[in-house]
Amino acid sequence: MDKSPKSFRSAKVGSIHKIDLAVPHLIDEAQIRSIFSELHAFATKDAKPFMVIDFASVAHMSSAALGALIKLDNEIRPKHGMLALSTINSQIMTVFKITKLDKHLHLFATVADALDAVKKSHPEA
Amino acid sequence: MAPDPAGSRWDETTTLHGHREEIEALQASVIDRLEREGWDQEARFALRLVLEESLVNAHVHGNRRDLARSITASWSLSPDRIIVEVEDEGGGFDPSCVPDPTEEHNLEIPSGRGLVLIRAYMDEVSHNDRGNRVTMVRHRHRGPAAS
Chain A
3 MDKSPKSFRS AKVGSIHKID LAVPHLIDEA QIRSIFSELH AFATKDAKPF
53 MVIDFASVAH MSSAALGALI KLDNEIRPKH GMLALSTINS QIMTVFKITK
103 LDKHLHLFAT VADALDAVKK SHPEA
Chain B
35 MAPDPAGSRW DETTTLHGHR EEIEALQASV IDRLEREGWD QEARFALRLV
85 LEESLVNAHV HGNRRDLARS ITASWSLSPD RIIVEVEDEG GGFDPSCVPD
135 PTEEHNLEIP SGRGLVLIRA YMDEVSHNDR GNRVTMVRHR HRGPAAS
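Each protein sequence line maps, in turn, to chains A and B. Basically this note's numbering = 1-based index in the first sequence + 2. Basically this note's numbering = 1-based index in the second sequence + 34.
If you are wondering where the hints come from, they were derived from the structure by calculation, not from laboratory data. Since the model is a prediction, treat every value here as computed from it, not as a measurement. Warning: the hint list may mix true and false statements.
[Claimed, not checked] Here chain B is said to cover these stretches of chain A; the calculated rule only asks that three of the stretch's residues, wherever they fall, bring their Cβ under 8 Å from a Cβ of chain B: (1) 27-41; (2) 54-66; (3) 71-83; (4) 88-97.
[Said to hold, decoys possible] Chain B is nowhere near these chain A residues, computed Cβ spacing over 10 Å in every case: (5) Ala49; (6) Thr101; (7) His108; (8) Leu109.
From the three backbone atoms N, C-alpha and C, an ideal C-beta is built for every residue, glycine too.
Put together the whole structure using the sequences plus the hints.
In structure tokens:
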């Protein structure tokens, strides 16, 4: 049995997958691959996926994590779903701004704001 | 730190092979020293990220994930700046040929952002002619990363 601590917690809010990342460093390529393969599975299974990923516990992230987020968004967007990210600390927000992904991805100050935004733009969520 | 009898310009030179624990050990060594010398949190965040990106680039793109090949990482800290150099055993690359991932039409491409981050967080970034060694300098007193 795998006794390693879970890297994220997931819950359903309506049809939205709410993901709370539970790792302080989203840096290691193998760990990122492991986390995002599970998130991809959620996105693949749903006809129209909605997902909110909360970054409250994340203090550091690398370009490998940015790449994984883009791949996930590339999976969700064509299915007319929505990926929203929340509670990003100021240093990680700078990483999004440098790479101009703050304009490409949907970023929100709080989980509640992210959930509201998904529900507003997709009342069926 | 012990004096270097060879008179090296570096405070520390390490040989790595791309293992995660080696990368994290080097990051810890640099970050601990920055903290002891009173460098602020933004600088420590920047150096952790820059070490991550440059070492992973060296392992993945330079050494093609070959754990038998080496990466040589060196760093030197003075009161007003830190210099980091990372060299792999690959054939090198031409940094001017890397597509800009911040261009509108490249935003959906999942790779290629490591170099953009390194350039934003460091004040000087240069490559040797072969393109297998990157030298990066960050000054202690500077504004936040350009965005």
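Hints and how they fare:
1. Three residues within the 8 Å Cβ limit are the bar, and the stretch 27-41 of chain A against chain B gives 4, so the coverage statement holds.
2. Given a C-beta distance limit of less than 8 Å, the hint that chain B covers the stretch 54-66 of chain A holds, as 4 residues qualify and 3 suffice.
3. Only residues whose C-beta sits within less than 8 Å of a C-beta in chain B count toward coverage, and the stretch 71-83 of chain A has 4 of them, enough to reach three; the restraint holds.
4. Restraint check on the stretch 88-97 of chain A versus chain B: 3 residues with Cβ-Cβ distances below 8 Å, three needed, restraint holds.
5. Under the 10 Å C-beta cut-off, the non-interface status given to A/Ala49 relative to chain B holds; the minimum distance is some 22 Å.
6. For A/Thr101, the requirement that its beta carbon stay farther than 10 Å from each beta carbon of chain B is not met, with the minimum near 5 Å.
7. Against chain B, the non-interface label of A/His108 holds: every CB pair exceeds 10 Å, the least being about 13 Å.
8. Interface exclusion of A/Leu109 from chain B stands, the closest Cβ pair being 13 Å apart, more than 10 Å.
Comparing the model with each numbered hint stated earlier shows that hint 6 is the single one that does not hold.
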